[in-house]
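The listed protein sequences correspond, in order, to chains A and B.
Be aware that the first sequence starts at 1, since it is given in full-length UniProt numbering, and climbs by one per residue.
Be aware that the second sequence starts at 1, since it is given in full-length UniProt numbering, and climbs by one per residue.
If you're looking for bench data, these hints aren't it; they were derived computationally from the structure.
Honestly, I wouldn't trust all of these hints.
Calculated lysine to any residue pairs in the SDA-like style (CA-CA distance at most 20 Å, straight line) [said to hold, decoys possible]:
id: 1; chain 1: A; residue 1: LYS186; chain 2: B; residue 2: ARG134
id: 2; chain 1: A; residue 1: LYS186; chain 2: A; residue 2: LEU262
id: 3; chain 1: A; residue 1: LYS208; chain 2: B; residue 2: GLY123
What follows is a set of in silico ranges between Cβ atoms, one per label pair, in the way DEER data are often shown [stated by the list, open to error]:
id: 4; chain 1: B; residue 1: GLU257; chain 2: A; residue 2: LEU26; range: 47 to 57 Å
id: 5; chain 1: A; residue 1: ARG264; chain 2: B; residue 2: GLU138; range: 50 to 60 Å
id: 6; chain 1: B; residue 1: GLN201; chain 2: A; residue 2: VAL222; range: 35 to 45 Å
id: 7; chain 1: B; residue 1: GLN86; chain 2: A; residue 2: LEU21; range: 30 to 40 Å
id: 8; chain 1: A; residue 1: LEU7; chain 2: B; residue 2: GLN248; range: 43 to 53 Å
id: 9; chain 1: A; residue 1: LEU21; chain 2: B; residue 2: ASN70; range: 41 to 51 Å
id: 10; chain 1: A; residue 1: SER200; chain 2: B; residue 2: ASN70; range: 27 to 37 Å
id: 11; chain 1: B; residue 1: MET239; chain 2: A; residue 2: GLU10; range: 37 to 47 Å
Source: prediction; values computed, not measured.
In this text, a Cβ means the ideal position worked out from N, Cα and C, and glycines have one as well.
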Amino acid sequence: MSLQSLLEKEFHWSLRNLLVLVFLLLLLPGFFAGTSVVFQDVLPRDVPVAVAPADEEVNETNLDIVEGTIATFTDPKRVDSVQQGRAMLERESVYAVIEVPPDLNDPSADAQFRLVVDGAIVPFLSPSEIIGDVLETEMDRIFDAEVTAEREVVGAEKTLPEYLFPTFLMTLVIFFAFTYVPYNLKTEAAVLDRLRVEASLESVVAAKLLFFTGLTVVPIVVFQAAALYYGYDVAALAPGAILTLLLVFLLVSTVSSTVMILSRFSGVGLFVNVTAMLGVVALSALAFPLGFFSSLRTTVAQLLPTYYAGIIARSTMLKGASLGTFADWLAMLIGCLIAAVVALEGSIIYYRRTS
Amino acid sequence: MDDDSTDGPDPEGSRGDGAGASPTGQPVDDGTEQYIELDGVTREYGSVLAVDDLSLRIGGGQYHCLLGPNGSGKSTLMRLVLGLTQPTAGEIRVPDIVVGCGFQTPNFYPSLTVRQNISVFAGIVGATDWEWNRTVVEELRLNRALDRTAGDLSGGFGRKLDLALAFIKKPDIMLLDEPLGALDDVSTARLLEFLEWYVEQGNTVFVSTHRVTEFEGSLDRVTVMHQGEIAFDRRREEMTLPDDQSLQAEYVEEILEREGIESDSLD
Numbered sequence: 001m002s003l004q005s006l007l008e009k010e011f012h013w014s015l016r017n018l019l020v021l022v023f024l025l026l027l028l029p030g031f032f033a034g035t036s037v038v039f040q041d042v043l044p045r046d047v048p049v050a051v052a053p054a055d056e057e058v059n060e061t062n063l064d065i066v067e068g069t070i071a072t073f074t075d076p077k078r079v080d081s082v083q084q085g086r087a088m089l090e091r092e093s094v095y096a097v098i099e100v101p102p103d104l105n106d107p108s109a110d111a112q113f114r115l116v117v118d119g120a121i122v123p124f125l126s127p128s129e130i131i132g133d134v135l136e137t138e139m140d141r142i143f144d145a146e147v148t149a150e151r152e153v154v155g156a157e158k159t160l161p162e163y164l165f166p167t168f169l170m171t172l173v174i175f176f177a178f179t180y181v182p183y184n185l186k187t188e189a190a191v192l193d194r195l196r197v198e199a200s201l202e203s204v205v206a207a208k209l210l211f212f213t214g215l216t217v218v219p220i221v222v223f224q225a226a227a228l229y230y231g232y233d234v235a236a237l238a239p240g241a242i243l244t245l246l247l248v249f250l251l252v253s254t255v256s257s258t259v260m261i262l263s264r265f266s267g268v269g270l271f272v273n274v275t276a277m278l279g280v281v282a283l284s285a286l287a288f289p290l291g292f293f294s295s296l297r298t299t300v301a302q303l304l305p306t307y308y309a310g311i312i313a314r315s316t317m318l319k320g321a322s323l324g325t326f327a328d329w330l331a332m333l334i335g336c337l338i339a340a341v342v343a344l345e346g347s348i349i350y351y352r353r354t355s
Numbered sequence: 001m002d003d004d005s006t007d008g009p010d011p012e013g014s015r016g017d018g019a020g021a022s023p024t025g026q027p028v029d030d031g032t033e034q035y036i037e038l039d040g041v042t043r044e045y046g047s048v049l050a051v052d053d054l055s056l057r058i059g060g061g062q063y064h065c066l067l068g069p070n071g072s073g074k075s076t077l078m079r080l081v082l083g084l085t086q087p088t089a090g091e092i093r094v095p096d097i098v099v100g101c102g103f104q105t106p107n108f109y110p111s112l113t114v115r116q117n118i119s120v121f122a123g124i125v126g127a128t129d130w131e132w133n134r135t136v137v138e139e140l141r142l143n144r145a146l147d148r149t150a151g152d153l154s155g156g157f158g159r160k161l162d163l164a165l166a167f168i169k170k171p172d173i174m175l176l177d178e179p180l181g182a183l184d185d186v187s188t189a190r191l192l193e194f195l196e197w198y199v200e201q202g203n204t205v206f207v208s209t210h211r212v213t214e215f216e217g218s219l220d221r222v223t224v225m226h227q228g229e230i231a232f233d234r235r236r237e238e239m240t241l242p243d244d245q246s247l248q249a250e251y252v253e254e255i256l257e258r259e260g261i262e263s264d265s266l267d
């Protein structure tokens, strides 16, 4: 046995797989290194918070002062009313609503700020206590009135395991769609010519996506069973949650199938899909609310449909939220799915033309 | 082959255009047969010209052999006809008839059993004549492998399964790319007999191969490809071979001549 010959074989083999190796050893590390820049802070400094006047007597100047002050530790969003702020809280557009009281400039008055947070957003419950304390201290220092801050938790307070249930389920669905579906599609390569002659690539992919979308109900049922077993107040089988999860699965599977077809069912396609999965899971803010780690992470998350799907799934599972609350986001998800289907068809046409 | 299964139309009369052909071996269109027609078809892969301005008609109930050395463009031609590859230039017209195909690299689901493969593809192509499907399995001697996982099959059985999947839909025109690859002698003889019978039923069998010896006795027509072009295209009876020379030898001589190599120089 000649080690030199074997090493030589590895070298030639590597040259033949240069693209995969470049992807794996150069692009992938570069991607991960690049991804690290979105994790800059341990404390949440950019959490979106609504600033709302408690009533019509609150003047604009005081709202400006409050907004400017809390901007050092949150990302404030000025809203016109408490109702508007609470509606944004329901959609996780903000994670807290600060209701600004009147009479802040009256030294004889007692002015009470109200910090409203959602009991289902568990990772923000502890930070919100600190924010409440800071709010009270800072506002009392700035304004003439005797300022206090009261923290109000909307909805039932969930435990961390309960909060993580929708996160884990969404992650699992994304994992399934980005790994098993492409892997399964790759196995079709052995019979692809016959399938293309006897059927069509479109019908093969469509049947596959339909079948696996149906199978996705299984892990949802498993999660529901686990929730019952552990006594968690989580409705994994809520129709809105199921619809959202299946939509996400279909969307991601369509994207991963497109990648596989563009890569001509190669191993490169599998690598690209795994990388995409890691990126999507890490950047969709599925576990930690926006505002944790960096504002860049917030920007990236808001570009991903999975971020919005995560909120819908969490809200329907943990809070029993109505799908109507998220009609625009659902429409956006369906729009993304249609765009993905168009891209998939484009990849099939490209495959056909370049075969 | 069961005795009764060979009953059918008179072979001579059943071969459609087999009753007549043009001087170049092209089938004569009698108005009742339908043909796959290639008209000035070219296929380039980068700088490689795999098929060069090729015109050909396939059909008419002929037992038609496409012959050529490795790399002559036979498989590309098959893929063009099947629509698996798009021509760079020219046109391919496929009539509304059933076209089947056996691939050079057998195509089936390796993780399914033979039986499941047949069932799946029977469903896909609507091959619900289970009596026929059983006949195909028997003729290809696949019975004892029915419940084996296709991926575990030997090369020969894999070939048989691929052929079975091609035959279950009873194609009017059957395209076979190197169908004898990996088959043992007994299976080869059985398949050749089956193909001959299949043509006698009025169907067209178009076989791409680089070895014509096994088919030689029963062919209606031979088309030889060389470097992407048709070297010659003749009906079998138009080829007057010396008694001691086989079609295979004639074809080899023709190719060597085209390549400017004296056959004697190989001695």
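Now the hints, each set against the structure:
1. A:LYS186 with B:ARG134: Distance of about 31 Å is beyond 20 Å: violated.
2. A:LYS186 with A:LEU262: holds, 12 Å
3. A:LYS208 with B:GLY123: holds, 16 Å
4. B:GLU257 with A:LEU26: 47 to 57 Å: The hint (47 to 57 Å, Cβ to Cβ) holds, given that GLU257 of chain B and LEU26 of chain A are roughly 53 Å apart.
5. A:ARG264 with B:GLU138: 50 to 60 Å: violated, 38 Å
6. B:GLN201 with A:VAL222: 35 to 45 Å: Given a distance of about 54 Å, which is not inside 35 to 45 Å, the answer is violated.
7. B:GLN86 with A:LEU21: 30 to 40 Å: Between GLN86 of chain B and LEU21 of chain A, where Cβ atoms are some 32 Å apart, the hint holds.
8. A:LEU7 with B:GLN248: 43 to 53 Å: Distance hint for LEU7 of chain A, GLN248 of chain B holds at roughly 45 Å.
9. A:LEU21 with B:ASN70: 41 to 51 Å: For LEU21 of chain A and ASN70 of chain B the Cβ distance comes to about 32 Å; the hint is violated.
10. A:SER200 with B:ASN70: 27 to 37 Å: holds, 31 Å
11. B:MET239 with A:GLU10: 37 to 47 Å: Violated, at about 52 Å.
Hint compliance for this structure: hints 1, 5, 6, 9, 11 are not met, and every other hint is.
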